[in-house]
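**Q** Sequence:
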Amino acid sequence: MSAAAQAAALSRRSVVGILRQPAVVFPSLFFPLFFTALNSSAFSRATNLPQFPAADSFLDFLLPATILQGVIFGATTAGVEMATDVQNGFFDRLVASPVARTSIIVGRLAGAAVLGAIQALVFVLVLMPFGASVKGGPAGVLVLVVVAMLLGTGIGGFGVAMGLRTGSAEAVQGSFPLLFVLMFTSSAFFPRQLMSGWYQDVATVNPISWMVEALRAIVLEDFSFADAARAVAVAAGLGVITVSLSLRMLRNRLRQAS
140 MSAAAQAAAL SRRSVVGILR QPAVVFPSLF FPLFFTALNS SAFSRATNLP
190 QFPAADSFLD FLLPATILQG VIFGATTAGV EMATDVQNGF FDRLVASPVA
240 RTSIIVGRLA GAAVLGAIQA LVFVLVLMPF GASVKGGPAG VLVLVVVAML
290 LGTGIGGFGV AMGLRTGSAE AVQGSFPLLF VLMFTSSAFF PRQLMSGWYQ
340 DVATVNPISW MVEALRAIVL EDFSFADAAR AVAVAAGLGV ITVSLSLRML
390 RNRLRQAS
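One gets my numbering by counting positions in the sequence shown from 1 and adding 139 to each.
By construction, these hints were calculated from the structure, which means they are not laboratory data.
Here the structure is a predicted model, which means the values were calculated and not measured.
Check before you lean on any hint, since a few could be wrong.
[Unchecked claim] Between beta-carbon pairs, the in silico distance windows are: (1) Gly270 <-> Gln226: 41 to 47 angstroms; (2) Asn391 <-> Arg331: 34 to 40 angstroms; (3) Arg152 <-> Val341: 35 to 41 angstroms.
Built from N, CA and C at the ideal position, the CB exists for glycine as well.
Whenever a hint applies, use it, and build me the whole structure from the sequences.
**A** Right under this line is the structure:
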């Protein structure tokens, strides 16, 4: 079996494994939608503030943040499942087989990418009847889905690296509050131009802000190749870093096992 076929088989296992676990999928869809409904109701008048981005509703403003929050919730699964494979011995059986080592990482991250795409589509379809819209049209929705897939891969890569490093599902789950800190110190939930002090400084240098603001421009204004490229580049850059880290952790674990 070729390396591509091995990666495809492990990817299918990862995707099917996630879709067969409603307890994993449901919270990653429900809680972001719940917080979006809560924030939209509480801050609906914020769109009238000076310097607030022109938006038909606060719901439109929150759509990129909802996708980001959902992907962070869902992508934790990749790291937890990798740690579980280490704990229950399946990882050792993979290593003992002639499977390509990189396909172990690719297969596990495929589930996070597919779940990210599903989340982006569900959030758009669920919020549209309540007044949300994507001014960028179908091309804009496609960008949201692609970025969600790349972001799922990137965040999943961090989890997989933690899973390989620790071999503990609990340790992986305990590390993910760091990602929420990164999200809440960005401009995901409030415009940067209305911030002040150190919080604005942190949000300005936070790459999550660059990605969210590019997606927000596509949602609130119109499709732009420059905004699409910026959002994709930030998500892809995160993926390159975390997947490289996960490959390094894989090499370290293989050396320990040899």
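**Q** Mind checking the hinted window 41 to 47 angstroms against the Cβ distance between Gly270 and Gln226?
**A** Given a distance of about 45 angstroms, which is inside 41 to 47 angstroms, the answer is holds.
**Q** Determine whether the Cβ-Cβ distance between Asn391 and Arg331 falls within the hinted range of 34 to 40 angstroms.
**A** holds (38 angstroms)
**Q** Is it true that Arg152 and Val341 lie within 35 to 41 angstroms of each other by Cβ?
**A** holds (39 angstroms)
Violated hints for the displayed structure: none, as all numbered hints are satisfied.
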